Amino acid sequence: MKDFAGKIAFITGGASGAGFGQAQIFSEAGMKVVIADVRDDHLEEAMAYFKEKGAPVHAIKLDVTDREGFAAAADEVERVFGSTPDLLVLTAGVNVFGPAEASTYDDYDWVVGVCFGGVVNGLVTFVPRMIKAGKGGHIAATASWGAFGAGPMTAPYSAAKAAVLNLMESYFVALKPYGIGVSVLCPANIRSRIYETALKNRPEHLKNTGYNVNEETQKFLASIHAHGMDPRVLAVWLKRGIENEQFLIVPYPSAERMIELALERFVYYASPEGMKKWEEKQKQPPTEEELRHMAEREGYDPKAAPPQQVMTSDPGFGKARSDLDWVTESKRAK
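Per the numbering used here, residue 1 is the first one in the sequence shown, and the count goes up by one each step.
Simulated from the structure, these hints should not be mistaken for laboratory data.
Given the structure is predicted, the values throughout are model-derived calculations rather than measurements.
Treat the hints loosely; a few may be bogus.
Cross-link-like lysine-lysine pairs, in silico, DSS-like; alpha carbons within 25 Å at most [to be verified]:
#  : residue 1 : residue 2
1  : Lys51     : Lys239
2  : Lys207    : Lys334
3  : Lys2      : Lys132
4  : Lys61     : Lys207
5  : Lys2      : Lys200
6  : Lys219    : Lys334
7  : Lys334    : Lys200
8  : Lys61     : Lys200
9  : Lys135    : Lys239
10 : Lys53     : Lys239
11 : Lys207    : Lys219
12 : Lys2      : Lys53
13 : Lys207    : Lys2
14 : Lys239    : Lys176
15 : Lys331    : Lys207
16 : Lys200    : Lys132
17 : Lys283    : Lys331
18 : Lys219    : Lys331
19 : Lys176    : Lys135
20 : Lys61     : Lys51
21 : Lys2      : Lys239
With the hints as constraints, model all of the structure from the sequences given.
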């Protein structure tokens, strides 16, 4: 897709963070935009912005885990703008941090339900409509740099994002005969308010977490996200990738080398000798190149310490609840 003017975009998580940046950029490209979001306050803020711009933007309150809600949203898009979307962007996501071994069923059901289930629901809802419309178009999902690696403190999130990456590649191949392009966006740190989700968005029936989550831990997480990539900049990377019919969009100048380094572990994992070499490799300090790439992804000066290393006090971020006696003491909140 190279021509956006006059076409329709539907963006989940479109009222804040990465999704709002995408809504801004595609609106400025001349698209009629639908922002779907679960939070009324974010929708109100976003619509105030677009009304001031005089942009053709429509808001829909949507929980991406609600399949009936998705179907109703798809119907509403057609009523409001007269057709199914030309561009579908599945960005809504949540995250929470804690040791993998402390994870509960609720942690998985919530995070995987939104981050992976929300993408599944969007695809199953809209793909048949887009095919029947016969207009071609493009579908993108926002995954994460976490899709490329293990997440010992973000197991549900990293697993969900890896699943999104694989799923979108399947659709990338499957939808070619219909003239529908597919992309997956994999950023690292973004300047967003995803840190609010653990306390403000999590449903009551899924609140049994094994992690230490409170106002202080989320304030600390907010301080990390403050260094992240601006959502508008990220959206420009996405738009350019769509224009270039690029499947994998990793929004950094060193993307190809970063991916190469991130995935090389599998070569070591594949043999007993490789496992020994990998173990020895992990004992070595990061190379200058690795440190530079880390700074590029996380948004800080490579000559300075990462934000998470300069906190003045330990709020217990990324630790398990104090009462989980099977988790080693060093990983539990005090």
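Structure-based check of all given hints:
1. Taking the CA atoms of Lys51 and Lys239, the gap is about 23 Å. The hint holds against a cut of 25 Å.
2. A hinted pair counts as satisfied when its Cα atoms are at most 25 Å apart, and Lys207 with Lys334 qualifies at roughly 21 Å.
3. Simply put, Lys2 and Lys132 have alpha-carbon atoms about 21 Å apart, close enough for the 25 Å limit, and the pair holds.
4. Between Lys61 and Lys207 the CA atoms are separated by roughly 22 Å; this keeps the pair inside 25 Å, and the hint holds.
5. Using a Cα cut-off of 25 Å, the hinted pair Lys2 and Lys200 is violated, with the two alpha carbons roughly 38 Å apart.
6. Under the criterion of a C-alpha separation no larger than 25 Å, the hint pairing Lys219 with Lys334 is consistent with the structure, at around 18 Å.
7. For the proposed pair Lys334 and Lys200, the alpha carbon gap of about 24 Å is at most 25 Å, so the pair holds.
8. Simply put, Lys61 and Lys200 have alpha-carbon atoms about 16 Å apart, close enough for the 25 Å limit, and the pair holds.
9. For the given pair, Lys135 sits about 19 Å from Lys239 by alpha-carbon distance, which is consistent with the 25 Å threshold.
10. Restraint check: the Cα-Cα separation between Lys53 and Lys239 comes to about 20 Å, which is no more than 25 Å; the hinted pair holds.
11. Proposed proximity of Lys207 and Lys219 is supported: the alpha carbons are some 19 Å apart, at most 25 Å.
12. A hinted pair counts as satisfied when its Cα atoms are at most 25 Å apart, and Lys2 with Lys53 qualifies at roughly 23 Å.
13. Straight-line distance between C-alpha atoms of Lys207 and Lys2 comes to about 43 Å, which puts the hinted pair past the 25 Å bound.
14. This hinted pair checks out: Lys239 and Lys176 have alpha carbons roughly 19 Å apart, not beyond 25 Å.
15. Using a Cα cut-off of 25 Å, the hinted pair Lys331 and Lys207 holds, with the two alpha carbons roughly 20 Å apart.
16. Between Lys200 and Lys132 the CA atoms are separated by roughly 38 Å; this puts the pair beyond 25 Å, and the hint is violated.
17. At most 25 Å may separate the alpha-carbon atoms for a hinted pair to count; Lys283 and Lys331 meet this at roughly 21 Å.
18. With a CA separation close to 19 Å, the supplied pair Lys219 and Lys331 stays within the 25 Å bound.
19. Among the hinted pairs, Lys176 with Lys135 is consistent with the structure: their alpha-carbon atoms are about 13 Å apart, no more than 25 Å.
20. In summary, the hint linking Lys61 to Lys51 is supported, as the alpha carbons are separated by about 17 Å, within the 25 Å threshold.
21. As the CA atoms of Lys2 and Lys239 are separated by approximately 9 Å, the hinted pair is consistent with the 25 Å bound.
This entry does not satisfy hints 5, 13, 16, going by the numbered hints stated previously.
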